[in-house]
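4 protein chains.
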Amino acid sequence: MIVILKSNPDRDQLERLILWLQERGIIIHTSIGKSHTILGLVGDTSSLDVDLIAALDIVEDVKRIQEPYKKANRKFHPDDTVVKVGDTQVGGGTLTIMAGPCSVESEEQVVEIAKAVKASGATMLRGGAFKPRTSPYSFQGMGAEGLDLLKIARAETGLPIVSELMDISQIPLFEDVDVIQIGARNMQNFNLLKEVGKLNIPVMIKRGMSATYEEWLMSAEYVMASGNQNVILCERGVRTFETYTRNTLDLACIPVLRKLTHLPIIIDPSHATGKAALVPPLAVGAVATGADGLLIEVHNDPPHALCDGPQSLRPEAFDTLAKQMVATHQFMKTIGA
Amino acid sequence: MIVILKSNPDRDQLERLILWLQERGIIIHTSIGKSHTILGLVGDTSSLDVDLIAALDIVEDVKRIQEPYKKANRKFHPDDTVVKVGDTQVGGGTLTIMAGPCSVESEEQVVEIAKAVKASGATMLRGGAFKPRTSPYSFQGMGAEGLDLLKIARAETGLPIVSELMDISQIPLFEDVDVIQIGARNMQNFNLLKEVGKLNIPVMIKRGMSATYEEWLMSAEYVMASGNQNVILCERGVRTFETYTRNTLDLACIPVLRKLTHLPIIIDPSHATGKAALVPPLAVGAVATGADGLLIEVHNDPPHALCDGPQSLRPEAFDTLAKQMVATHQFMKTIGA
Amino acid sequence: MIVILKSNPDRDQLERLILWLQERGIIIHTSIGKSHTILGLVGDTSSLDVDLIAALDIVEDVKRIQEPYKKANRKFHPDDTVVKVGDTQVGGGTLTIMAGPCSVESEEQVVEIAKAVKASGATMLRGGAFKPRTSPYSFQGMGAEGLDLLKIARAETGLPIVSELMDISQIPLFEDVDVIQIGARNMQNFNLLKEVGKLNIPVMIKRGMSATYEEWLMSAEYVMASGNQNVILCERGVRTFETYTRNTLDLACIPVLRKLTHLPIIIDPSHATGKAALVPPLAVGAVATGADGLLIEVHNDPPHALCDGPQSLRPEAFDTLAKQMVATHQFMKTIGA
Amino acid sequence: MIVILKSNPDRDQLERLILWLQERGIIIHTSIGKSHTILGLVGDTSSLDVDLIAALDIVEDVKRIQEPYKKANRKFHPDDTVVKVGDTQVGGGTLTIMAGPCSVESEEQVVEIAKAVKASGATMLRGGAFKPRTSPYSFQGMGAEGLDLLKIARAETGLPIVSELMDISQIPLFEDVDVIQIGARNMQNFNLLKEVGKLNIPVMIKRGMSATYEEWLMSAEYVMASGNQNVILCERGVRTFETYTRNTLDLACIPVLRKLTHLPIIIDPSHATGKAALVPPLAVGAVATGADGLLIEVHNDPPHALCDGPQSLRPEAFDTLAKQMVATHQFMKTIGA
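Chains as they are written, first to last, in numbering that gives the first Met the number 0: chain A, 0 to 336; chain B, 0 to 336; chain C, 0 to 336; chain D, 0 to 336.
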């Protein structure tokens, strides 16, 4: 970390700053220039608060050189993390396809979809039991019963299950779930991150609606710092001024995160766009860009289809897409992309 | 709610939609135009999901006419909500001044600041015991002990106390706190909102980092729908591309919320700007624009001041500001603004 | 267009509104509901200003049903526009590869790069002669001389040339340029759009830094309304809170624009990311998502490489990428994606 | 400027960088740390491109210490700029009130409004003759005739006139205008900025829709670097996710710009909010926060009021507001705010 001091800093304050840093085990290199003095801080600066130091009267600016995340950092963990889930894995060259309904509605629905997506090539079943809704008057999901139905579908198909956990109090219900999803709105629910960090279940963290890469990786760091190294990152679009799509899918995150972290990267084009017709081209594009996998909403088409998400593909459309994704994943290896 | 259908909508789908709406008690007015058919939905449409309907194959677009919030809506509750807190109140013409340290650090610190801000005119003491921090390696607050110190300061000064609650599991610790603050990152932690909605303690909801007015009011609605009508809104800046200030303070929220809701509005210029020098002009500006009160960080200046926030005012600066705010509040009444 | 009136609208104002609309040739369907009256406006509503009507005292809200753009609208022009440029074309199934240096620096530089990119498969040469720079003290481009050097490179290679026009006064200099580029900062320089709309040269419009799809298409509409139908759209990333990349590349624009408009779509990953290492995966991803072409910065590597853009690929890296893009483009046809 | 090198930088590249910097008159201080080497660049670094240097293979990061603007910088010009306009001035303790219609429509309209706003206390008349419109099919303003009508209103009232210039080709028409306004969409039309920089007429630069303070000040720098030091800054809101207001007014810009620059600051609440009812509280709030003046839309109320902006105040409402603003401006002096 580099601290740029204002010209003629107050001596007492400077001494207090230096003492305070030294108490934290930081070694300080001072470089005195014509107009500014610069302090180079060496040691473990990850617990120093940039904003606090930057705001001291004597400080002009502060610049981090090292990222504030360590366990999630590719620099210190050069090998890709491969997350084992049941008989399959996320990362390590596998193309993960998580598919299923936005909300679990009935045993019939979820089992039928599970069978269909498995036949098409999905490697995991996703389904929402607890649903974060902006309105208190909207359907909030089937809850514990929904999780039971997912487990029935798993028993029938062998597909591992992924479902969203919204609150610490729900943790006991998720002990037999294969991947715990942390939703975008909970990406900075730090207490929740600490608690799932104590579990022995993989955690998939969705990117917050307006989160930067660093903030997202710091959320992964919270889980990993509590002991759980099986973290998966899931991009689901960021908020922009465009309202035609629900959010703006950021595929650049794939090569960026590949460099910054060793954690696997899943792309969710269904939620990002909110429109089923946009899902196939972006899903194929994500595979070509190098994603480790996709999260895709699929519903069957019963008379009450109204309750399914507008961004859901029907099983036939998903079948075509799954084959295109697998073919594209193979093809990319042949051209070295 | 108005549903605009595509030209030549599929008949079966249209019938299914109409049936589905009628099952929910909605009355439908159909208006057939040259190129489009329009359905006017009458009844309680607050539980209908705009996105779901908008995404049906036969639907071109959907337009809400009524806001999705009811209990927080000025239309249905024309009178201003006045929240009683100890011997004081928020709203109803009172100028609320919540002041205190970002983090509670010691009994000496918090009692000294409490006495100082009371002498200057503060009406409540704020202080953080549980701190949401982006890094797991940063100081996370004193926790329960911090709450105890706040209560000591309350006993010494008579000032009601405001502190942030981060998680459902902390609720028992907050039973004797005067105002529970829900932080920006928890604005859409819906389970937490439901639980504080069951308490008999006023709740102050900070605006989410990128939240719209409607999303913010829907969070208030969650608390109110659970039974707790004593909700205070607190603007703390929204994220923009400007990085000179931490966030961009949105003072337009004052007249906007005054129209949309009956809930009182507090402005937090300390957190919004992240720079102490910007707090006084914006605090006075907020009073002149019509805010019900201010949330301002104040710290005393001990040798270890480094741990205090850069956006904190010292007691002397706060004293000057508090007097300016009170004078401005009085003056505005004289000119009818 | 649908106009939702407030309950009990002032009669005089309503009559004035209806008269004003009728004077503009609009036919009005009135539908009176329980709480709201709705006006359905039929006719050419593209010249009506939504904001103006929405702000009338008697109006609750206004909803466009039809897009405000006509000539750029797929609904009225279902066939893809194919823009002929020299012996090649943009759109219509061709993969366009525009490559070259950010700034033209010397004859040697631009000719060498032109030969290299042509050999690798580029179909056009791009190069900046006039450079929009945020600082008045930065190099502003070679100007007219730069255009001359591009023409020399064209003569040597046969590649059509693409270059940015910044101001109406520069138009005479661009009469022999093959494609005129309008930069992101000029996307809403309406006078400039009108003037290039009078030329018989294809115009490529870069998306504004924070522009929505509709705003972007309205800029295309300005050019087309002036007579020039040969418009190409170029996505170069939008501003988000992420600062690791210069902007956030929005590949969802490809399927969205394919639906909204008949104009061809070029993707610029170099400018969007600002980092050369991110260009190849995103360029291949853009081809897989269905882009009509790419705009890619390439520089050779002379001793003064410092002046080249950090987002530029070297010719060898471009050669590998160009082959991957062509292969991916072919492959996508085989899988029907 | 500080350049942080990667560990073990390539020696040849480092030498080339150092040579290139030295050729530009930069003196380099090298500070070798354990993991990183840091270059401190001393001299005029305003023409160095941060992005270019940051992207070199050997560079980890670059940090500016000095702002890239010089003439607009308070550090080098500590005294407030006071812009003389006719018999009045902008800055220097005066409260400037620019008022008038969004668009000039007729002699009768503009003269009547001019008389009314003068009587209420306005110090300048604003009115649009050339209007930037997102649709080519919308009314584009009266053009040169509109400017003539403004001059008639000036002759009748003595109020100096402010009007927007959209293009270099219009400059001859503006030679007798008192203040030239550069619109938000033209804030980075660098050629236009250079040309108005050659005039002897004050220039008011509106902030771009998503512009940072630094980008805005760099636009002022363009005008000043061309010779024209009479620059006024006008805040008109920035784009955020909130759509209830047209943009989000950033009043924090007042104390921020006061620190960064010596140029006067005008606030435009009419355009920022797009709603007349929000203008008075924000205008008074802006005065209390320390603005040098306001830009406010006012229209009279003829039968064809429909064409006036929804954000316009009627003369009576403006009269009340003008008196409140003047009183607030006086009051703030008495309390030292």
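Hint data in this document are derived by calculation from the structure and do not stem from the laboratory.
Any given hint could turn out to be false.
One copy or any two copies: either way a pair holds, since identical chains are not told apart in the list.
As the list claims (entries may be wrong) - Okay, derived cross-link-like pairs now, BS3-like style, lysine-lysine, Cα gap no bigger than 25 Å in a straight line:
| # | residue 1 | residue 2 |
| --- | --- | --- |
| 1 | 150 | 70 |
| 2 | 193 | 117 |
| 3 | 150 | 74 |
| 4 | 197 | 83 |
| 5 | 322 | 130 |
| 6 | 130 | 150 |
| 7 | 322 | 74 |
| 8 | 5 | 150 |
| 9 | 258 | 117 |
| 10 | 70 | 332 |
| 11 | 130 | 5 |
This one's a predicted model, so the numbers in the text were calculated from it and none came from an experiment.
We went through each hint and held it up to the structure:
In this homomeric assembly, residue 150 and residue 70 never come within 25 Å of each other (Cα to Cα): the closest approach is 32 Å inside a single copy and 39 Å across copies. In this homomeric assembly, residue 193 and residue 117 never come within 25 Å of each other (Cα to Cα): the closest approach is 33 Å inside a single copy and 37 Å across copies. Taking the shortest Cα distances, residue 150 and residue 74 never come within 25 Å of each other, neither inside one copy (38 Å) nor across copies (46 Å). Within a single copy, residue 197 and residue 83 get their C-alpha atoms as close as 17 Å, which meets the 25 Å cut-off; across copies the closest is 41 Å, which misses it.
Taking the shortest alpha-carbon separations for residue 322 and residue 130, neither the intra-copy value of 30 Å nor the inter-copy value of 45 Å comes in at or below 25 Å. Only within a single protomer do residue 130 and residue 150 lie at most 25 Å apart by alpha-carbon distance; the minimum there is 18 Å, versus 37 Å between protomers. When the C-alpha separation of residue 322 and residue 74 is checked against a cutoff of 25 Å, the pair qualifies neither within a copy, at 35 Å, nor between copies, at 31 Å. Taking the closest pair of Cα atoms, residue 5 and residue 150 never come within 25 Å of each other, the shortest separation being 61 Å inside a single copy and 40 Å across copies.
When the C-alpha separation of residue 258 and residue 117 is checked against a cutoff of 25 Å, the pair qualifies neither within a copy, at 32 Å, nor between copies, at 31 Å. Proximity of residue 70 and residue 332 under a CA criterion of 25 Å is satisfied in neither setting, with 29 Å inside one chain copy and 42 Å between copies. Taking the shortest alpha-carbon separations for residue 130 and residue 5, neither the intra-copy value of 50 Å nor the inter-copy value of 30 Å comes in at or below 25 Å.
Hints 1, 2, 3, 5, 7, 8, 9, 10, 11 from the list above are not met by this structure, while the remaining hints are.
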